[in-house]
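**Student:** Here's the letter readout for the chains.
2 protein chains.
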Amino acid sequence: MAGTNPMRESVLGGPAIILIEPQLGENIGTCARAMLNCGLTDLRLVRPRDGWPSGSAKAAASGADIVLDNARLCDTTEEAIADLSHVFATTARNRGMIKRIMTPREAAVEMRAQSSAGLSTGVLFGPERTGLFNDDLALADTSLTVPLNPSFSSLNLAQAVLLIGYEWYQTGDVTPGRYLHTGATRPANKEELVNFFDHLEQELSGSGFFSSPEKKPSMIRSIRNCFQRMDLTEQEVRTFHGIVSALTGRKRVYPKE
Amino acid sequence: MAGTNPMRESVLGGPAIILIEPQLGENIGTCARAMLNCGLTDLRLVRPRDGWPSGSAKAAASGADIVLDNARLCDTTEEAIADLSHVFATTARNRGMIKRIMTPREAAVEMRAQSSAGLSTGVLFGPERTGLFNDDLALADTSLTVPLNPSFSSLNLAQAVLLIGYEWYQTGDVTPGRYLHTGATRPANKEELVNFFDHLEQELSGSGFFSSPEKKPSMIRSIRNCFQRMDLTEQEVRTFHGIVSALTGRKRVYPKE
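Respectively, the protein sequence lines represent chains G and C.
The opening residue of the first sequence carries number 1 in full-length UniProt numbering; numbering runs sequentially from there.
The opening residue of the second sequence carries number 1 in full-length UniProt numbering; numbering runs sequentially from there.
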């Protein structure tokens, strides 16, 4: 049934989050929030202890109602995973099972590969107190373990969902690792920057700052390197012209070279 | 003062977590838990609204008492960051400031680089309701933004701390991305595996499974590939010998080749 009538929109492609016998409605809600933070919307609940729907789940979801409203209630784990081609199981303790283990980062690559092939994946989470049942673990392809402080590695349910969802999201994200936010202005070009260097150095020369002629070239290079690291914008270069003018008490008097 | 008498043990090397005017003790506690999950222990609190120490923080820390007990109370952000060489600021909204922006993943690389050079880093978090003050943002080297669902990106304080701490932890973690947990046994070697192939294929030949002689070689290759993907252990190979024997009703009758 589930196999021929897919539960989830494969266009989204992220893993289904499957909570087995979750105890607290509040935890279902915080999981839903963490899911939506990461663009995940396919929540499946197997025998939630306090019934479904849950007012405390809704209160804790902080607006992630779409996830709760579309959550599927299942009687068995087998039913909840029927349409999935690769199932991950989260488990803190190893149960002596012989099983592939992945980090969330590696698993996210696998999820993305499956999604690109048009296949659906899912992640099993056990009850808060006990974790997954061994029989549910044996239904999974791969165990997930999160590399964390080994002497204090216990995460609550929503945090575990967040880390896995976060890794999934990163595999599809194109944000550059670092960039300069320049708002409405733009980075200065080198002509603007060198023009400022000339202004500053001419004022410094005129003021007697370069007391040692032989050291002047290396001092100039040092100061230029400081300003290079600033990554100034065009607007900020003008501000610095103004700073020099204010400190000297005059507008730029030397001609632009 | 702080500069000459470092607040933190540089051996740990992870970033200090600096909460500016945190409102709820509970949030301080869940942040402490998330910190210790990631091996971070240097917590600094600037003007916590409900005073310090806090019973509700301790209750929410789930045992991360070491972080709370060593937390430093500061009057100003300047005091809290005095000994740090690179300060990151977490902010959901861009305030029109011209600032370097990094993802947590890239920032973690920077933190690790600073730590390797013996330098300390820290991450600023603003009050839950408003986020960081603009003047605190201007004290930071770099803004951090977490790539998440742009239409639902709000994280609570502990989750933001967790994602940044998690990325820090990963830069020093050597867990292989994927491996097979084999417990007390070991992966089968190829002699053991080929020996099982022989057993299975001889029984299949004897039972008439290979009805088409010309297809037999390709069928054997297909079956062998299935078992290759199983990554069987030595113990499991013996189990499969037993399975074949049970299905045929006899112990292996063909001699090992």
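Think of the hints as simulated: they come from the structure by calculation, not from any bench.
All values derive from a computational prediction rather than experimental measurement.
Fair warning: there could be bad hints in the mix.
As the list claims (entries may be wrong) - If you want a taste of the chain G side facing chain C, the calculated C-beta under 8 Å gives, among others:
no.	residue
1	N134
2	A138
3	E236
4	R238
5	T239
As the list claims (entries may be wrong) - Derived coverage of chain C by chain G (criterion: at least 3 residues anywhere in the stretch with Cβ under 8 Å from a Cβ of chain G; other residues may be distant):
no.	region
6	50-56
7	59-66
8	96-104
9	140-149
10	152-158
11	197-203
Cβ coordinates follow ideal geometry from the N, Cα and C atoms, glycine included.
**Student:** How about the region 197-203 of chain C: do at least three of its residues have a C-beta closer than 8 Å to a C-beta of chain G?
**Tutor:** With 0 residues close enough to chain G, the hint is violated.
**Student:** At least three residues with a C-beta closer than 8 Å to a C-beta of chain G: is that true for the region 59-66 of chain C?
**Tutor:** holds (count 3)
**Student:** Verify this for me: three or more residues of the region 96-104 of chain C with a beta carbon less than 8 Å from a beta carbon of chain G.
**Tutor:** Coverage by chain G holds for the region 96-104 of chain C (8 residues, Cβ < 8 Å).
**Student:** Go through the hint on N134(G) and say holds or violated, using the shortest Cβ distance to chain C against 8 Å.
**Tutor:** violated (14 Å)
**Student:** Next item in the hint list is T239(G). Is there a CB on chain C closer than 8 Å to its CB?
**Tutor:** violated (11 Å)
**Student:** Given A138(G) as an interface hint, is the shortest Cβ-Cβ distance to chain C below 8 Å?
**Tutor:** violated (13 Å)
**Student:** For the restraint on R238(G), tell me whether the closest CB of chain C is nearer than 8 Å.
**Tutor:** This hint is violated: R238(G) lies away from chain C, its Cβ roughly 13 Å from the closest one there, beyond 8 Å.
**Student:** Within the region 140-149 of chain C, is the number of residues with a Cβ closer than 8 Å to a Cβ of chain G three or more?
**Tutor:** Held - the region 140-149 of chain C has 7 residues with a Cβ nearer than 8 Å to chain G, which meets the minimum of three.
**Student:** Please check whether the region 50-56 of chain C has three or more residues whose CB lies within less than 8 Å of a CB on chain G.
**Tutor:** Violated: only 0 residues of the region 50-56 of chain C have a Cβ under 8 Å from chain G.
**Student:** Any CB of chain C closer than 8 Å to the CB of E236(G)?
**Tutor:** holds (7 Å)
**Student:** Closer than 8 Å Cβ to Cβ for three or more residues is the test here. Does the region 152-158 of chain C pass it with chain G?
**Tutor:** Contact hint for the region 152-158 of chain C vs chain G: holds, 5 residues under 8 Å.
Violated hints, listed in ascending order, are 1, 2, 4, 5, 6, 11; each of the other numbered hints is respected by the structure.
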